[in-house]
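In order, the protein sequence lines correspond to chains V and S. The first sequence stops at residue 294 when you use the numbering used here, and every number in between is there. The second sequence stops at residue 1295 when you use the numbering used here, and every number in between is there.
Be aware that a few hints might be false.
[What the hints assert, rightly or not] Have a look at the derived ranges for each label pair, beta carbon to beta carbon:
(1) V/Ile271 <-> S/Lys1016: 51 to 61 Å
(2) V/Thr277 <-> S/Leu1102: 46 to 56 Å
(3) S/Cys1196 <-> V/Ser94: 43 to 53 Å
(4) V/Gly234 <-> S/Leu1102: 31 to 41 Å
(5) V/Ile275 <-> S/Ile1274: 50 to 60 Å
[Claimed, not checked] Below are the BS3-like pairs computed for lysine-lysine, each with C-alpha atoms no more than 25 Å apart in a straight line:
(6) S/Lys1252 <-> V/Lys95
(7) V/Lys241 <-> S/Lys1252
(8) S/Lys1181 <-> V/Lys255
Derived from the structure by calculation, the hints contain no laboratory data. The C-beta atom is built at its ideal place from N, Cα and C for all residues, glycine as well.
This is what each chain is made of:
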Amino acid sequence: MNKSRTFLFYMFIMPWLVGFFIFTAGPMIYSLYMSFTDYSGLGAANWVGIENYKKIFTEDPLFWQSLWNTLFYTIIGVPLGLIVGYMLAVLLNSKVKFMGVFRTIFYLPSLVPTVASSLLWILIFQPDFGIANAILSFFHLPNSNWLLSEGMVKPSLIIMSLWGAGGGMVIYLAGLQSVPVALYEAAELDGAGKFRKFWNVTIPMTSNVIFFNLIMGLIGSFQVFTQAYVVSSGNGGPNYKSLFYVFYLYQDAFKFFKMGYASALAWILFIIILIFTVIQFKVFGKKVYYEFDE
Amino acid sequence: MELAGAKVNAKVNSKKERSIKKGRIIERIVTYALLIGLSIVFIFPFLWLVGTSLKPESEALSFPPTIIPETWKFSNYKDVFTMVNFGQYYWNSIIVTLLTVLGTVLSSTLVAYGFARIKAKGRDMWFILLLATMMLPPQVTMIPVYMIFSKLGWVNSFLPLIVPAFFGNAYFIFLLRQFFKTIPKELEESAFLDGCGTFGIFWRIILPLSVPAVITVALLSFMWTWNDFLGPLIYLNDDSMYTLALGILQFKGALIISWGPMMAASVLIILPLIIIFFVGQKYFIEGIATTGGKG
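Work out the full structure, taking the sequences as your base and the hints as a guide.
Take a look at the structure:
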């Protein structure tokens, strides 16, 4: 009886299991091996030990630049996106009329394919005839070169990402709506005002969705690629200021034929994300409230 | 004496009530003002997109910009198909996306059922592994996977984009597993007593009951595949194979950008997703909420 159950189980998960070995476990091991070679994508892969890793840390300014670009984008963009999404959800949650209409308006931008949205924002941020500078000029504010400016290219990309904050909003809304009303009533009885209720009931009770979005947001943000590729016409400019880590990795692997080197970059990325995730769990893990399910 | 005191109390109480009411009205006004203001900010790029798609090139570049086009150039939409191979791109995207969705739904439901309802040794271990793969950055496996497809001779075809979908997707497997667990066990048990095999239970009982969840998976999968850029970028080399994500970049020349047609092309890329959203709205919103809601 048990034997046939085991057999059945493995039959059902076979697609994923096979895929796991072919597309995940196998490649992971192989890319780790490749990171210790000088493989270019053609020809032989010669063992070079930790040469790649040494070069990355000591002789590669683009590594540090791309790392900095990604960290900047992540550390500023993820919390901002979180706050905007959460605030939108809070606004929507306060029984307003036309809630569905507002929700659609905020959510729709997150459905726009990244390439299309990037092209649209290139238009909006165009320094000479773009609407962004037009609006600034209208209020007698200084104009910017936005995506073409070394200093403003990353903030511009962050603004672009905020347009899609409605994606997270939907998840927060669900979390907000599952907070038991009784808790708010109890807080009111204890004399809690609006702010207290928000800080001591709403936030703790939605901490699990916030945490989930934080982790996924971090992992996703570390992999930002398409927007940067499109707005910089594939070169990570101006002056490498939009060369995010994955962008740099892609270039080394597929444009400069340094696949061994790029594999080392990939593993370093993996470890960085792992460390960040572990830190998040350690710092916030205990403070998150989980509803017990089954 | 008491009557006078009661009257004073009544006056004080109604003053409090009135100030609470005033507070609530102000709150409402602020909320609506914020919502309307933010709505304008969020909608504006869409308006700009559609507006520019209908402008002649000279007006698109004009400063100060015009919000509503002064001349309406509908032919921008025709130009989209004549300037580049847009029809081909559209067809390619449709094929890749539909096949990917098919593979995803088939494999993910199967695997999710195994995880949800078939108790076996090692099940928990594999499930944790499944969850772990959700956090793995794809770049770690990207290069060897490319090499596998290269050795198979599948580069510059749709196969590298479609085939992996038939091996399940961790995110959707997780979503479906959570959903399957909510189906009452009694239904399966009685079917089992009636002599129905496990696969029969899966096919004839679980799936029909899971239509909402399956639709959600299909819609999300459609959206992600339609949007995919890196995949087509590394695997598709010929212009004739490009999907929309790659094809639309053809409008962005090195020296000259045709803004009108480019925005029109963007509208055409976005349109299917918006239509799908409005048709399957509740699946989107509830589906995403369910995965993110409970850990």
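Outcome of the hint check:
Range check, isoleucine 271 of chain V to lysine 1016 of chain S: about 60 Å between beta-carbon atoms, so the 51 to 61 Å window is met. Threonine 277 of chain V and leucine 1102 of chain S have their C-beta atoms about 33 Å apart, which leaves the hinted 46 to 56 Å range violated. The hinted window of 43 to 53 Å between cysteine 1196 of chain S and serine 94 of chain V holds, with their beta carbons roughly 49 Å apart. For the pair glycine 234 of chain V and leucine 1102 of chain S, the beta carbons lie near 32 Å from each other, so the given range of 31 to 41 Å is met.
The hint said 50 to 60 Å for the Cβ distance between isoleucine 275 of chain V and isoleucine 1274 of chain S, and at roughly 39 Å that hint is violated. Distance check on the hinted pair: lysine 1252 of chain S and lysine 95 of chain V sit about 45 Å apart at the alpha-carbon level, beyond 25 Å; violated. Annotation: proposed proximity of lysine 241 of chain V to lysine 1252 of chain S holds, straight-line Cα distance about 21 Å (limit 25 Å). A threshold of 25 Å between alpha carbons decides the hint, and for lysine 1181 of chain S with lysine 255 of chain V the separation of about 46 Å lies outside it, so the pair is violated.
Hint compliance for this structure: hints 2, 5, 6 and 8 are broken, all remaining hints hold.
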